[in-house]
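Here is what each chain is made of, one letter per residue.
Protein chains: 2
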Amino acid sequence: MPTKTAKKTSRRKSATVAVLQRVVIEDVKPQIDGGAFPVKRVPGEYVTVTATVYADAHDDVEAVLLVRRRSETQWREIPMRRGINDLWTADFLIEHQEDYVYTVAGWIDEFSTWRRKLVKLWEAGQDVRLEMKVAAQLLDTAAVNVNGSLQDGRWLKKWARDFTREGDVFASAYIGMSRPLFDLMKRFGERKSYRRFTHELTVRVDRQRALYSTWYELFPRSWSLTQGQHGTFKDCERLLPELARMGFDVLYFPPIHPIGSTHRKGGNNSLTAGVTDPGSPWAVGNTDGGHKAIHAQLGTLKDFKNLMAAAAKHGIEIALDIAFQCSPDHPYVKQHPQWFKWRPDKTIQYAENPPKKYEDIYPINFDSDDYQNLKEELKDVFVYWLKQGIRIFRVDNPHTKPFPFWDEVIGAVREDFPDVIFLAEAFTRPHVMQRLAKGGFHQSYTYFTWRNSRHEFREYMHELTRTEMREYFRPNFWPNTPDILPPHLQHGGRPAFMQRLVLAATLSSNYGIYGPAFELCLWEPFPGKEEYVHSEKYELKDWDWDAPWNLKDFITRINRIRRDNPALQTTWNYGPCESSNENLYCYHKATADRGNILLIVVNMDPYQTHSGQVCVPVEELGIGWNRHYRVHDLISNDRYTWYRDWNYVELDPFRCPAHIFKITWD
Amino acid sequence: MPTKTAKKTSRRKSATVAVLQRVVIEDVKPQIDGGAFPVKRVPGEYVTVTATVYADAHDDVEAVLLVRRRSETQWREIPMRRGINDLWTADFLIEHQEDYVYTVAGWIDEFSTWRRKLVKLWEAGQDVRLEMKVAAQLLDTAAVNVNGSLQDGRWLKKWARDFTREGDVFASAYIGMSRPLFDLMKRFGERKSYRRFTHELTVRVDRQRALYSTWYELFPRSWSLTQGQHGTFKDCERLLPELARMGFDVLYFPPIHPIGSTHRKGGNNSLTAGVTDPGSPWAVGNTDGGHKAIHAQLGTLKDFKNLMAAAAKHGIEIALDIAFQCSPDHPYVKQHPQWFKWRPDKTIQYAENPPKKYEDIYPINFDSDDYQNLKEELKDVFVYWLKQGIRIFRVDNPHTKPFPFWDEVIGAVREDFPDVIFLAEAFTRPHVMQRLAKGGFHQSYTYFTWRNSRHEFREYMHELTRTEMREYFRPNFWPNTPDILPPHLQHGGRPAFMQRLVLAATLSSNYGIYGPAFELCLWEPFPGKEEYVHSEKYELKDWDWDAPWNLKDFITRINRIRRDNPALQTTWNYGPCESSNENLYCYHKATADRGNILLIVVNMDPYQTHSGQVCVPVEELGIGWNRHYRVHDLISNDRYTWYRDWNYVELDPFRCPAHIFKITWD
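Residue numbers (our numbering), protein chains in the order written: chain U, 1 to 666; chain R, 1 to 666.
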């Protein structure tokens, strides 16, 4: 549980580091790769710091957490609490959107050691007159440390004098064991063998939306009012009221840049495009321009800015997809041929996944000798859009670019635009995903899409929220994307879509859907693949957004529940609950003050009704053992009164595959 | 399983570190506190190194372990094996008694990446003529790296030429996929993005006895031939043949220095000593001298050297107990009063554990302003005895002295006397014990004495052998000491002594007993304490070493088993086995080559016969599933034939509470 952080800054001018370092400070956590990378927070979140602190012999040790905002020069001291096995703990609240620095200090507390001895001697009825004189020396030393606080200094000096008078030993011992003296000595007593932990560790503080965001992805070109015509930014403006009603606050577009025509892909990723085929937006660049230009059919920069402004009025931010790769027609190819990989036949190496070839895409060669200029130009792509007002980027395949590139680019961009948010689309191996998050990406795509059973979810949620990843990796859960139509959505029908929505929206405070494929329950795959047939990546689509089976109202309800319940606005409060039926996945989410407590139960089987008992951790949640409490299903509006831990639930996936219970009691 | 270590040193002159570090090397293990402390080995042991190594994109990564002896300048390269989740592993054998240094390097292997692509294209029947030209460039670059190996360079150049000839594509592709070229390119191919791990890590190599030793502790003064007289080093000489027969190789004496007379303790730690009371050997120093002197009643330095020489003939080393504390009569008190803590009444602070006072002992004050001289003098105590021939020290209460003191003293002593062994008698909190081991102590007392149930032992052995402690903390198991008579030995009778002996001697390759209290099954405590009544610490004892209930032959047998079975000469091969009866603790120990396999079963209940099934991991031990195998009890000499994993055992503690089965099969 968080403690109130100390407000006052230490009065101590400087604590000199001891020559003989009797105090050991080990295993300070959180500490990512020995402090090489920061931990991440948003304002309002706590950082809980633990450290193993101890010394030789039997003297009392004291430990404090030292914290400052990066711009501050003075440390704030927060006392740490000692637990078992020399483990000390303290936490601090992030109050400002600025990076913080923290470390741990420890020392030997001679007065506390002395006081413990005094109590023992006193209880054993022994003569303590000599001991009082020992303490007098400690008090005298402390009195020297008192700067400015004259009254405190006077008391210390007076008591030091009193302690030397053997006749007053009873009164002196009483003072010696008293709280006021103890507190004074904590403040001013000599810090013997004072030592700081070797590293200063960093908290990177991002804005709120880095932790809590609700994404909607769409292809603007499919939203023309006229069937078969290329949609525009203007067309998108009319979608904003409905997207806002549905509860989305990030509207994310695939690349909006000019699309190459050389080797353009046709429908269903075919090698030859018809004259009307619009091409994949990820084949970036043509003679009109590259990553800083806008595809002419979408509109002008002015149209785009108008859209951003209109979106802002609905509380929606536009997110851009930045894919650092080029169509053969991209201006870079002629202007900077050295940024590509050349083959012995004087052609540029196109993208491939042997034996598959993607001749419409030239990867950028980061091993280029001209890397510095390349890096500056690519950084400038972000800066260009930031200057137009964009603050959120979804980065395509960041794992195919060197990690130091992202470290440097995101680091530099963030200095000038601290509100920027980068989402890493890295569907790759665990360490690579983690390294990108460590290196600066604010949010990350995850394996959510491929987790199925309750067991798999429990394991994955444990990994995300109960291991070191919790400190630096913010998940963003996507049930589908234009690239991914997972098997359960191909086969599970509408109940599966509802189930995945509830899971994504309640397990992770950042989630998104690719629409309207999602809310229209689009299920048909390209045969044998986890991809959509007739993918929107290569075609204009003509969506019937209001088809009768659409899930818009359900999504609206779920997002409304997210907005109304702060317990769903963070990912880190996830707590698994037991259930008697392995098809029922149950977990709770509660705010730190328990002012908002939710219990979510999801039927993981989209075909069958399942029932069973779920276990509410009534003690942990503060309900207590012997109390009736109300559970109010925020989806169905049903209300029940429950008692003690195990209670009955039944979920028919064709009605609704999930409960989101709000728990209250008198 | 260890691999054969590569013999050849890399031919590469120097691998330049890449500017753009695409390769990540993380979490190199073993690595104690970020490399602040070394891991420990003796010659013949392996170090298994793991690291997470990966890069961006989809290129093949290669990783090597770099190893050298500290005196060498050139690294030896050992290829690492890639496991799941980007975890790489390699191990190396410690062949010399010298410290080793290791680290990990990784790079991108362009040829291997290319070859993987070639295979895919070839299998898909695609044109690879251009690919062969790409490879030709890689081969040409490699040919430049060939230093001295002219023939290799000629082949590379020839094949590079061949690869550019389109007519020979079938032959070229065949060569391109061949093993000889692959091996050549592993040796000479360009190491793109080459990078070394940030730290160089150290292996501290000690001599064999640091890992495998059998200790016997006795008070020389109790071994006079004449009853009531003070024993001498000469008296001890006649004990050597029997101690050697019993299988001990370290004979450890409590402090042999002059004993103070001021506030000398009498029998049973009483405050007043009679004129004949010899005093505690831990009250070090009187007018005859201090830590470099010998208590006159034990003999002269010459007698002591004679004893060492006689012991050596029996394969026994003498270990000295160094207790850095002084009796009030110690010469330091007058010569170096600044090394003690002075109280306001101008007296020196004696030892205390309030409200208990130990006025016969002055602790040394390591916070002294004269610390540097103090440290030099105390270091010189070790050097003095090392010069007399002593190589093993048991250090009394090292945890009450500052850690940096031990780091420096042991570090310095070890430079000049690499054969030295320090045993830390630190019965204290876990982190403190661990820190002393990290700081240089070769062996450590443990919590063995206070572990009772099978569950407790399994947990503790896991901690010692399967966590990071395994790398730097060598346990030394003691069933009893002059200070500790644990409850199970007070109540369990002779079976308990036999049980504890087998546990200590087979779980840990370092173990010791305080004799002859142990083999005479001395059980009577000081009332209400875990200490002996009439403790030898304060009295001369008159031992009847051959009392009929003595365990000497049993100890002889157990130590003989240790000597004959290399599986018991290391602690790290401990493997727990399941058993159906929780009173039966079963574990196996086997050499790495499985040439020596033991299965130990101990009845943990000293009162009752217990029987049950124990599970032999037949696959893991290489026996195989469908084979009969022999188990030969090396204690009782009984032999059985067993089949498959679960087999029956029965142990009557009054006959013998343990089996030590040697497992063999045809």
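Misleading hints may appear alongside valid ones.
To be verified - Quick partial rundown of chain R residues pointing at chain U, CB under 10 Å, derived from the structure:
| no. | residue |
| --- | --- |
| 1 | T50 |
| 2 | T52 |
| 3 | Q126 |
| 4 | A136 |
| 5 | G267 |
| 6 | N268 |
| 7 | M308 |
| 8 | A309 |
| 9 | R343 |
| 10 | K357 |
| 11 | E359 |
| 12 | D396 |
| 13 | P398 |
| 14 | P548 |
Stated by the list, open to error - Per label pair, the in silico range of CB-to-CB distance:
| no. | chain 1 | residue 1 | chain 2 | residue 2 | range |
| --- | --- | --- | --- | --- | --- |
| 15 | R | Q388 | U | M177 | 43 to 53 Å |
| 16 | U | H628 | R | Y643 | 16 to 26 Å |
| 17 | R | D33 | U | K379 | 33 to 43 Å |
| 18 | R | T141 | U | I348 | 13 to 23 Å |
| 19 | R | N147 | U | I348 | 47 to 57 Å |
| 20 | R | T141 | U | T262 | 41 to 51 Å |
| 21 | R | R179 | U | L301 | 56 to 66 Å |
| 22 | U | K379 | R | E463 | 28 to 38 Å |
| 23 | U | G575 | R | R343 | 38 to 48 Å |
Simulated from the structure, these hints should not be mistaken for laboratory data.
As the structure is a prediction and not an experimental result, all values here were calculated from the model.
All C-beta atoms in this analysis are idealised placements derived from N, C-alpha and C, irrespective of residue type, glycine included.
Cross-check of the supplied hints:
no.: 1; hint: T50; verdict: 13 Å, violated
no.: 2; hint: T52; verdict: 6 Å, holds
no.: 3; hint: Q126; verdict: 6 Å, holds
no.: 4; hint: A136; verdict: 8 Å, holds
no.: 5; hint: G267; verdict: 24 Å, violated
no.: 6; hint: N268; verdict: 21 Å, violated
no.: 7; hint: M308; verdict: 32 Å, violated
no.: 8; hint: A309; verdict: 37 Å, violated
no.: 9; hint: R343; verdict: 6 Å, holds
no.: 10; hint: K357; verdict: 9 Å, holds
no.: 11; hint: E359; verdict: 13 Å, violated
no.: 12; hint: D396; verdict: 14 Å, violated
no.: 13; hint: P398; verdict: 8 Å, holds
no.: 14; hint: P548; verdict: 44 Å, violated
no.: 15; hint: R:Q388 <-> U:M177: 43 to 53 Å; verdict: 51 Å, holds
no.: 16; hint: U:H628 <-> R:Y643: 16 to 26 Å; verdict: 60 Å, violated
no.: 17; hint: R:D33 <-> U:K379: 33 to 43 Å; verdict: 37 Å, holds
no.: 18; hint: R:T141 <-> U:I348: 13 to 23 Å; verdict: 21 Å, holds
no.: 19; hint: R:N147 <-> U:I348: 47 to 57 Å; verdict: 34 Å, violated
no.: 20; hint: R:T141 <-> U:T262: 41 to 51 Å; verdict: 32 Å, violated
no.: 21; hint: R:R179 <-> U:L301: 56 to 66 Å; verdict: 58 Å, holds
no.: 22; hint: U:K379 <-> R:E463: 28 to 38 Å; verdict: 49 Å, violated
no.: 23; hint: U:G575 <-> R:R343: 38 to 48 Å; verdict: 55 Å, violated
In terms of the numbered hints stated before, the structure departs from hints 1, 5, 6, 7, 8, 11, 12, 14, 16, 19, 20, 22, 23, listed from lowest to highest.
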